[in-house]
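Fit chain P to the given chain Y structure using the hints.
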Amino acid sequence: MPSRAERITDILLAILAGLVFIVLYAPLLISTLFSIVEVKRGQIQWETATLVWYGRLWENQSILDAIRSTLAVGVISVTLAAVLAVILALYVEWEGAIGRRLIELVVYLPFLLPPIVTGLALLVFFSGLGLDRNLLTVTIGHTIFVLAVLYRLVLTRLQTLPKSLVEASADLGASRWQTLRHVLWPHLRSAIATGAILAFTLSFDETLITVFLAGDQMTLPLRLWAMMRVGFTAEINALVTIVLVISIGLTILVGMRLQSDEVREE
Amino acid sequence: MGLSLDAVSKSYGAQQVLAPTTLQVADGEFMTILGPSGSGKTTILRLVGGFTRPTSGRIGFGDADITGMPAHQRPFNTVFQDYALFPHMTVAANIGYGLMVRRQTKPAIAAKVGQTAEIVGLGGLLDRFPSQLSGGQKQRVALARAIVCEPKLILLDEPLAALDAELRRQMQFFLKSLQRQIATTFLFVTHDQEEAITMSDRIVVMSAGRIEQVGTPKDIYYAPRTQFVAGFFGDNNLIPGHVTGNGMVTTALGTMPIPAETDRRERDVMLAIRPEKVLLGAAGSGSHQVSCRIDDVTFIGAITQLRLRPAAAPDQVLTVKLTSDRTRLGLESGTVVSASLAPGDIALVEVS
Chain Y
1 MPSRAERITD
11 ILLAILAGLV
21 FIVLYAPLLI
31 STLFSIVEVK
41 RGQIQWETAT
51 LVWYGRLWEN
61 QSILDAIRST
71 LAVGVISVTL
81 AAVLAVILAL
91 YVEWEGAIGR
101 RLIELVVYLP
111 FLLPPIVTGL
121 ALLVFFSGLG
131 LDRNLLTVTI
141 GHTIFVLAVL
151 YRLVLTRLQT
161 LPKSLVEASA
171 DLGASRWQTL
181 RHVLWPHLRS
191 AIATGAILAF
201 TLSFDETLIT
211 VFLAGDQMTL
221 PLRLWAMMRV
231 GFTAEINALV
241 TIVLVISIGL
251 TILVGMRLQS
261 DEVREE
Chain P
1 MGLSLDAVSK
11 SYGAQQVLAP
21 TTLQVADGEF
31 MTILGPSGSG
41 KTTILRLVGG
51 FTRPTSGRIG
61 FGDADITGMP
71 AHQRPFNTVF
81 QDYALFPHMT
91 VAANIGYGLM
101 VRRQTKPAIA
111 AKVGQTAEIV
121 GLGGLLDRFP
131 SQLSGGQKQR
141 VALARAIVCE
151 PKLILLDEPL
161 AALDAELRRQ
171 MQFFLKSLQR
181 QIATTFLFVT
191 HDQEEAITMS
201 DRIVVMSAGR
211 IEQVGTPKDI
221 YYAPRTQFVA
231 GFFGDNNLIP
241 GHVTGNGMVT
251 TALGTMPIPA
261 ETDRRERDVM
271 LAIRPEKVLL
281 GAAGSGSHQV
291 SCRIDDVTFI
301 GAITQLRLRP
311 AAAPDQVLTV
321 KLTSDRTRLG
331 LESGTVVSAS
341 LAPGDIALVE
351 VS
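First to last, the sequence lines map onto chains Y and P. Quick note, the first sequence lines up with residues 1 to 266 if you use this note's numbering. Quick note, the second sequence lines up with residues 1 to 352 if you use this note's numbering.
So here's chain Y without its partners, still in its complex pose:
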């Protein structure tokens, strides 16, 4: 039986954890709430509860465009980053690799630096090259930004692969491509999928780097930003809620996949 003091400690900890959760999530709930009801003179007008603002979003062409851009940037940059991550991880794990530390630094740095620095650096780089800023530059920026996440997950998974499996494959007559396809890929694919979801979540929400690189193009976070400057409307709250639900959903998915990987490895 836990003693009285232990029980009190448990209760206090539970209360504290509850408070932290409320502080963290209450603003999010308020956004969601305000996307459904109206507030007049500090009073919630429950009778005005409606989902009409969500419907309005689908009639707003600029928002639909922003969603399309965000998805396109996310899918393309995650795909590029995944390919790059696999190539880099394979190279770094290869026994003859040189410049391992440099590669890791180059991969991790854009992710670890403040986004404002990464964004500004990319902006200077692109304008130096004379490249117009548009969704292409945004895609390149996002690729560089999310590469670290994919690389880390792929590398970690690759390191759990016994070297003897690769040797066994070669020993049995498989070329490097055949080994990649029949041994490495089945081992890596779930890590790549997890990394891709996580990277997509990051790309989906990414704002600061995007601000520097987007030119006159709009992704969803930029559209939201622009709308907020005009004023806080129920439409904005509806959009925030959608972004939130998608982000949280993807994050939970990643968490579940990482957990099930751990279970499998045990």
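Among the hints, a few may not be true.
Using 30 Å as the maximum straight-line C-alpha spacing, the simulated DSSO-like pairs for lysine-lysine come out as follows [said to hold, decoys possible]:
{"hint": "1", "chain 1": "P", "residue 1": "LYS321", "chain 2": "P", "residue 2": "LYS176"}
{"hint": "2", "chain 1": "P", "residue 1": "LYS321", "chain 2": "P", "residue 2": "LYS218"}
{"hint": "3", "chain 1": "Y", "residue 1": "LYS163", "chain 2": "P", "residue 2": "LYS106"}
{"hint": "4", "chain 1": "Y", "residue 1": "LYS163", "chain 2": "P", "residue 2": "LYS176"}
{"hint": "5", "chain 1": "P", "residue 1": "LYS321", "chain 2": "P", "residue 2": "LYS277"}
{"hint": "6", "chain 1": "Y", "residue 1": "LYS163", "chain 2": "P", "residue 2": "LYS138"}
{"hint": "7", "chain 1": "Y", "residue 1": "LYS163", "chain 2": "P", "residue 2": "LYS218"}
{"hint": "8", "chain 1": "P", "residue 1": "LYS112", "chain 2": "Y", "residue 2": "LYS163"}
Keep in mind that the hints were calculated from the coordinates and are not lab data.
Only chain P this time, still in chain Y's reference frame:
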């Protein structure tokens, strides 16, 4: 013909793990590389398999120089120490992997896999995954996978190390009979001398990156040429001696003739004699007699082991192994017996 290593060496940076080594393995031979860990035995296997490149020297197979040939082009297959079964493939897919990457047809692969599974005794397990198999079964899958492509040479890297004693004995006989059945050269790496003696046509004993001795199991067992080999094969009696030049060797146990056909140069040597070759009581003609006191008697089942202290050299211990006998009398601690050493049973071991 066969496999040849010609002054092959391997270094990692400044550290030499294999001194220049020359070795021939004949076609169809069961050759064992025996040595403690760090002796370079696995390095030889990895060099032959093509998993690492030699720092110097040449590896040949048949008439071809295969020194620089990548692993996947060599007509050899390996049974790895950890089996290295592909965890995401069934037993059938594991066994058929070598055929699959050679783009054979599905029916041809299935037929060959079924046939090979029967040979190694895996029929009925083809749909399982490696995680559902016992250690012995994994071992058989690894074997089947290595023989299915009919390689010219099979490399085995301590394949029995992870099995329990009983299973290991079974697998030793099985491997030996399999080798005869498929008439393929086996290059077998182990640190277990009993395993090496039971299975091999010839044994290469290695220590510290060098070959100590190459020979048949009987050569190695009865006529160790170096102190390391004599010591590695269990409980050899080692007695320091000095060859005097006239065909005699002086030891603390007296002076005796050296075995015929050995080097008669004057030098320090070690005499090695197997415990079961030390005879008690009535001696054959020409044997050297040593008067000893029995120090200790241990009954080990089929054999009884005695420790003797020669009267002339109380510091020297002679270990004797006798076939056990319920009614043998007089073998008790403290009894004085006469031990005899026949010149033909003594090996001269060079002192380095």
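message = Run through the hints listed earlier and report the numbers of any the structure violates, in increasing order.
response = 7
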